Amino acid sequence: MKAKRMQGLLAGVLAALLLSGCAATGNNPKDPNEGFNRAMFNVNEGLDSVVAKPLAKGYDAAVPLPVKASVGNFFGNVGDAWVGINNGLQGKPGRGANDIGRLLINSTVGILGLFDVASEMGMPKHEEDFGQTLAVWGVGDGPYVFLPIIGPRTTRDTFGWMVDEAVDPVWWGIDNMAVRNSAAALRFVDIRASLLPADKVVEEAALDKYAYIRDAYLQRRRSQIFDGRPPKQDE
Amino acid sequence: MHGKIPMKRLIALIFSAFFVLSAAAQEAPDVLIKRVSEEVLSIVRTDKELQNGNTKRAVELVEQKVLPHFNFTRMTRLAMGKEWNKATPDQQQRLTQEFKTLLVRTYSNALTGYKNQTLRYKSFKMDGADKEVVVQTEVVRPGAPALPIDYSLEKQDNGWKVYDVVVDGISLVVSYRDQFGQEVRANGVDGLIKSIAAKNKSLENGKADKK
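First to last, the sequence lines map onto chains P and D. Numbered by my numbering, the letters in the first sequence go through residues 261 to 495 in order. Numbered by my numbering, the letters in the second sequence go through residues 303 to 513 in order.
What the hints contain is simulated information worked out from the structure, not anything from laboratory work. Worth double-checking, as some hints may not be accurate.
Stretches of chain D that chain P covers, calculated by requiring three or more beta carbons in the stretch to come under 8 angstroms of a beta carbon on chain P [said to hold, decoys possible]: (1) 446-458; (2) 496-504.
Some chain P residues well away from chain D (every beta-carbon gap over 10 angstroms; in silico) [said to hold, decoys possible]: (3) Asn293; (4) Leu307; (5) Lys317; (6) Gly318; (7) Val338; (8) Trp342; (9) Ile345; (10) Leu364; (11) Thr368; (12) Ile371; (13) Pro408; (14) Arg416; (15) Met422; (16) Asn436; (17) Met437; (18) Ala438.
Please read these numbers as outputs of a predicted model, since none were measured by experiment. All residues carry an ideal CB built from backbone N, CA and C; glycine is no exception.
Turn these sequences into a full structure, and let the hints guide you.
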């Protein structure tokens with residue numbers, strides 16, 4: 261039974277690869293490897309529909325909202341030190357101080373980060389990573405890449421992401437392998453679950469899901485690099 | 303003697319009606335966004351069917367409350383980019399109609415998906431002479447950073463009209479530009495109209511086809 265399913269999955273992946281290999285490619289200058297990316301996108305869609313999405317749905321349905329919020333807060337707090345460092349590296353000491361302040365307050369008053377007390381105190385959560393820091397330092401996007409599980413990235417942000425992973429406290433801060441893997445898995449499922457409301461929107465809105473996700477991702481990154489205030493583009 | 307008072311009253315009534323109407327037409331953009339958002343949210347919060355994901359109901363709500371404040375022609379033009387001028391006025395009109403149906407549906411879904419959250423309105427300043435403004439709001443979510451939603455509005459004779467909605471840096475409209483361009487280059491403007499119409503039809507039939 262299991263073997264048969266596996267075979268089916270493999271056949272599906274292969275078919276997806278073949279089909280998308282032939283698919284006409286558009287001509288977005290930011291996506292020169294569109295054929296390859298589309299193939300990887302289809303592999304990811306397959307994996308997502310049989311593994312990640314069912315898990316996320318189960319988690320979303322089973323876990324009450326306050327617990328989910330605490331899970332999100334906890335991992336958010338773990339990440340705030342790195343967010344603060346990146347703000348510092350980007351020459352934004354004020355924002356960086358806000359992030360380190362958040363870490364201190366939420367780790368103590370917020371009980372190990374389970375509650376985001378700092379936000380209530382007017383210290384908002386920022387989204388920073390090493391890819392954004394590289395962008396601020398002048399590194400260009402590079403070609404767009406889509407990889408299974410990892411998802412959409414620009415070339416620069418793929419490097420940035422590797423640095424983010426290398427310094428991730430969940431990977432180096434937990435000695436016990438079982439605990440570490442469970443924590444990483446929980447974080448993955450929590451993030452996937454937070455994207456569930458967007459799923460239906462994308463599913464219904466997109467004429468071509470691959471292109472929709474690519475263009476949405478590139479716009480969002482641009483906005484993040486400019487901290488939500490990107491210069492206006494032409495109409 | 304008797305007839306004069308009602309006449310005066312009538313004139314006063316007409317004047318006040320006129321005043322109310324023109325005040326509504328010149329409602330400031332931030333006030334407009336806040337009023338409509340709160341109206342819609344309060345309905346979403348109390349309507350059980352909406353919370354259970356009844357899309358038809360959500361579409362009705364959006365059509366009634368939100369649609370009058372949107373400029374769909376401008377939205378379609380923005381989504382088309384430089385391809386817009388390749389379309390005849392008739393094609394532009396049909397395209398706008400189909401795109402409007404698709405956008406209303408998308409927006410309605412986004413609305414029901416985010417029912418647990420509250421909205422925050424950022425402080426807004428504008429010049430009296432401004433013809434285009436951006437009103438910034440934020441969805442406050444438990445356990446995640448606030449989700450910014452920016453509305454771009456333009457001034458028209460009958461009030462301010464939204465021509466783009468940007469969610470977390472992602473424009474609902476600009477996200478279509480590559481897809482539209484791709485389709486127009488492959489199958490022409492009529493091909494694009496056909497494919498949006500087909501998409502709308504499949505959604506209407508309740509099957510979000512997985513492509």
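Against the structure, the hints come out as follows:
| no. | hint | result |
| --- | --- | --- |
| 1 | 446-458 | holds (count 4) |
| 2 | 496-504 | holds (count 3) |
| 3 | Asn293 | holds, 15 angstroms |
| 4 | Leu307 | holds, 14 angstroms |
| 5 | Lys317 | holds, 14 angstroms |
| 6 | Gly318 | holds, 18 angstroms |
| 7 | Val338 | holds, 13 angstroms |
| 8 | Trp342 | holds, 15 angstroms |
| 9 | Ile345 | holds, 18 angstroms |
| 10 | Leu364 | holds, 18 angstroms |
| 11 | Thr368 | holds, 19 angstroms |
| 12 | Ile371 | holds, 14 angstroms |
| 13 | Pro408 | holds, 18 angstroms |
| 14 | Arg416 | holds, 17 angstroms |
| 15 | Met422 | holds, 23 angstroms |
| 16 | Asn436 | holds, 25 angstroms |
| 17 | Met437 | holds, 27 angstroms |
| 18 | Ala438 | holds, 25 angstroms |
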